[in-house]
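Engineer: As a plain string of letters, each chain reads:
There are 2 protein chains.
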Amino acid sequence: MDRYLVISSDGHAGLPPERYRDYLEPKYRSIFDEHLAQAIREREEAEKFMLISEFNTRWRAEAGEGLRGAWDPDIRNKVLDRDGVVAEVLFPDGITERNSPPFGADLGMRPAGADPELQWAGARAHNRWMAEFCAHSPLRRIGVALVPAFWDVEDNLREIRWARRNGLKSVMLPVLVEGQASYNHPRYDPMWELIQDLGLVVNFHSGAAPDYDKETPGWVGVYVCEYQFWMTRPLFAMVFGGVFDRFPRLKVSFTEAGGDFWWHWMMQLMDFRAAVKKGSAKMGDHSRNLSMKPSEFFRRNVWVGSSAQMEDARMEDYYKIGVDRIMWGTDYPHPEGSWPDTPRQMAGSLGGLPEPELAAVLGLNAAKLYDLDLAPLNALAAKIGPQTSLFNRQAA
Amino acid sequence: MDRYLVISSDGHAGLPPERYRDYLEPKYRSIFDEHLAQAIREREEAEKFMLISEFNTRWRAEAGEGLRGAWDPDIRNKVLDRDGVVAEVLFPDGITERNSPPFGADLGMRPAGADPELQWAGARAHNRWMAEFCAHSPLRRIGVALVPAFWDVEDNLREIRWARRNGLKSVMLPVLVEGQASYNHPRYDPMWELIQDLGLVVNFHSGAAPDYDKETPGWVGVYVCEYQFWMTRPLFAMVFGGVFDRFPRLKVSFTEAGGDFWWHWMMQLMDFRAAVKKGSAKMGDHSRNLSMKPSEFFRRNVWVGSSAQMEDARMEDYYKIGVDRIMWGTDYPHPEGSWPDTPRQMAGSLGGLPEPELAAVLGLNAAKLYDLDLAPLNALAAKIGPQTSLFNRQAA
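Heads up: the protein sequence lines correspond to chains U and B, in order.
Take any residue in the first sequence, count from 1 to its spot, add 10: that is its number in my numbering.
Take any residue in the second sequence, count from 1 to its spot, add 10: that is its number in my numbering.
Hints are supplied without guarantee of correctness; some may be wrong.
You can't tell identical chains apart in this list, so a pair holds if it fits in one copy or across any two.
[To be verified] Within a straight-line C-alpha distance of at most 20 Å, the following computed DMTMM-like cross-link-like pairs (lysine to aspartate or glutamate) qualify: (1) 224 x 84; (2) 37 x 367; (3) 393 x 365; (4) 88 x 255; (5) 303 x 255; (6) 303 x 127; (7) 224 x 188; (8) 303 x 327; (9) 88 x 75; (10) 224 x 199; (11) 88 x 35.
These aren't lab readings, by the way, just hints derived from the structure by calculation.
Between the sequences and the hints, there should be enough to build the whole structure, so can you do that?
Structural biologist: Listed below in structure tokens is the structure:
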């Protein structure tokens, strides 16, 4: 084949806020109606800080109709065709943070201030819509179900079974920002067991962080230095809590983690801490019960959805993490992503790599992680995938 | 001189809990009496998790009388003489976490659950005692005043002036765990200005962290992976908040940060984030107002109190951070420190380094940071310092 199969590990899809109404259980619709105007206003306020207005306006104008691919399946497929992408993993928060599922069931799913029942209602509304959206083009959509996991674990189990039955292939759990029950708590064991048994993939996606004071100078700089930490906390908890020891077939992906040297650092940090040193002897041998080094669990159980931030890649880090762990993502339709220019950006970041590694990072790793049937994917890639010749040069 | 001047950047001193009573303002003594028994019980409970009992008991037995140097100035000087240490920077929490100042004015000074007035009373009691303790041997003691900084900034200013008048050379501020006003907030500007004008050193010391659930497996592993992050958050806030731009002579030391590759990583991370990338363009140019790269501020305004964790040093990281930034610390009398075996541990970690760099890391950097008079320090070092010949070999 003279084209690569591209599977984006990081896409976003979701309805305009008002259209989630139809996917909510009827009993939540009146409270949805009451809160909608305020929710939209709050999103727009928040966006003033997140998207400086000049950038935002220009970007939306340039992006044009393609943005509607966030919820319109036909437009989305056209965008993917032009962008050389066969299939995508689909997270919420379609067009930036402005259109998220209701009641705090967004990319962050933060527990602080959330009403558990309403957050679940919002998550289920999104999951229902997502199942429908995937059913439209099952080959091209790898649906992620939202599971706001900190409340009643029985609810988690129910939704995970529902997700599997309805064709979704992954569950997204919230990262750790506040003092909720961390993922080293044994209460989650039935959840890990079920996810493992059903062959689903756990996803953590970056984004959530504490409420930085947006009136203070430099808070964005603080946020962009800290967001990777908030999303890494589940990894510490799962490794040292022995989750990967008890559930050795569990598959976890960390998506849009930004600057993937980070994961190589974290592998070193965990290995360093797991080796009993004088400095932590007073706290006991906290790694005595682990059967492998943390970095070994990482290389067995963890994948990295690198998103378009592979533009910042240091290839030596990828080799150290393991090239079989890394997955390109376009982040479509978010403005920081590679869309609508994905093939050129890919070639700029990865051109010159050996062909088997390019094939792995661009698509085969994701196909393996999500257990996809390669034949129909390759058939489509043969028509729309980026040509291998694009990559025939030294990496920048 | 055939001996090195050693100044430990990390020592701990404090009274047994009941003896803080005499240093409290009288109006707080009855509430102190009411809470003492419970406070001691809570410390001992906490210690069960932090110091596994077998290790703890063995360590206390071996340590013997030296532990009383936590508050006894004559014993302390004898210990220092035997350990080859001329002077020390003195933090609270004398013998491990068991004897801390009252009312949450401990190494963490966490705001969560604290009563501001009482936390201040505890901090002032410690500061009064510390000033007295330093006055006993002013050459050998570099006193650190506790400033629980999150409440009324006027109180901070008052205590900082008091500390300077009473011979203390540094103020310790709490690291950032919960959602308190971060150090990029302009409310702290009068504090930075005063500290800079008085020539004091700001210290952040590791230790504070959220309340991990101590019934869950692996929480210690999580803690030892995360504690560096909690103490690094003030750095992000100060760098991106422009504090080092507005107060270019401010001196900040991060003490016992553990595995100093960390700081080299953080310098890279901040520089990477400060360079405007597509990924953060939607959030605006958050580094536009910085006059230098974050790593350049680090090399100008920041020092690292490396403590005995230099046993884990990777020298290439020290060279990248800047050998003029790094200071050995014994952590006496904490069990994870190098006491009572400091010269041998130093030689094991640093032997083979060029002499000027050894002299800098072992003492001269600290002397410069804390603006100390070298002549009397060198006179004492000539009697008790570790012999230079100890270090005449290749580093391990």
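Engineer: Going back to the hint list, which numbers does this structure go against?
Structural biologist: As far as the earlier hints go, 1, 2, 4, 6 and 11 are violated by this structure, in ascending order.
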